[in-house]
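Peer 1: The primary structure of each chain is shown beneath.
Number of protein chains: 2
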Amino acid sequence: MIFSPLLEQLIQSLTALPGVGPKSAQRMALHLLERDKAGAMKIAANLVSAVENIQHCQQCRIFSEDSLCTICKSEIRDRSIMCVVENPADLLAIEMSGTFRGLYFVLMGHLSPIDGIGPDELGLEILKSRLATGEVVELILATGTTVEGEATAHYIADLALAHKVKASRIAHGVPMGGELEFVDSNTLHLAFSSRRTVD
Amino acid sequence: MIFSPLLEQLIQSLTALPGVGPKSAQRMALHLLERDKAGAMKIAANLVSAVENIQHCQQCRIFSEDSLCTICKSEIRDRSIMCVVENPADLLAIEMSGTFRGLYFVLMGHLSPIDGIGPDELGLEILKSRLATGEVVELILATGTTVEGEATAHYIADLALAHKVKASRIAHGVPMGGELEFVDSNTLHLAFSSRRTVD
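Same order as they appear, the protein sequences are chains L and V.
No gaps in the numbering here: position 110 of the first sequence is 110 in the numbering used here, and each next residue is one more.
No gaps in the numbering here: position 137 of the second sequence is 137 in the numbering used here, and each next residue is one more.
One chain only, chain L, in its complex shape (with noise of 0.2 angstroms):
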């Protein structure tokens, strides 16, 4: 039994959050009231301000308060390549790596039928319909190197061939600075077996 049911409540809410467990959400609830009541104040109010306000992009379905977001507004962006992510956090990483200047599309999973996701699910008839346009010259496929990810990238790759647009896939293998001896071997497989001639 704890000394105040209202702590208890807000300890218990908060290991909602991904990676906290009742340990750190206990000294989350303590710091914020012992030390910083004003950013408690701050989370609650964000909190709500995102979870009613921010939808999806109409066009490429990342989250977003307006119907169009930031990326698929810019007029700096080049639009006739268009990468394909399973998640936000994808594209995040993407767009700190500052290698990409193109449009996204954010599938929000990818193909599991045992899990009952389809291509409706991930929003591929919004995807065709920005094919069909024949503004997209080049398709990137960025989704993940799982079996899901795969499959996933086969089908848009399909998809994207039907519309006469170029898919690519992103290069997989021994990451930059990556020791032989720490990369799994699955890398290491998909390393060899893709490998190229050096000319």
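Just so you know, nobody snuck in bad clues.
One copy or two, either will do: identical chains are not told apart, so a pair holds if it fits within one copy or between any two.
Straight-line distance between alpha carbons at most 25 angstroms, and here's what the computed DMTMM-like set of lysine to aspartate or glutamate pairs gives:
id, residue 1, residue 2
1, 73, 34
2, 164, 150
3, 37, 121
4, 42, 65
Quick caveat, the hints were computed from the structure, so don't treat them as lab data.
What you are looking at is a predicted structure, and each value in this text was computed from that prediction instead of being measured.
Based on these hints, arrange chain V on the given structure of chain L.
Peer 2: Positioned in the frame of chain L, the structure of chain V alone reads:
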């Protein structure tokens, strides 16, 4: 530049949580939006009600939404013995161990003249008035083993003696199951200097 200003605000505010950097905050925000909007709303509501309603217990200074906390109100606790701790987390740890069934006094810190924390900031006037009632027979000092914790324990022990209340300090030494080779030298020093004759 991120795709949604509201989401960016949310991620930013989540970094107020202890141990949460920008990367974990991003993961938390995306997780809640993708998979647990109800959980997000619950966290928001509980934060607001905790910040607005939780005060300090008038007797022991622990967090409580009522003027007296559930421990101070309880009729099954031993009111003749009181344990002084620095933080609510310390109290929780002792409660979880089930080793103590008396009352508490929570300092919400320790004496630290450099930071302007003196007897008044620790609520020692309240403690004095509780010692003056004569109800408390023994005061157990469970403040930290830091220099400040020791100084605070000393100061409060003097207070207790002035009120003719027995003061005791919890034992410090090698923890149960602690292997000597992994115990730090300060703890070993303490364990040797506090050794007891076996009879």
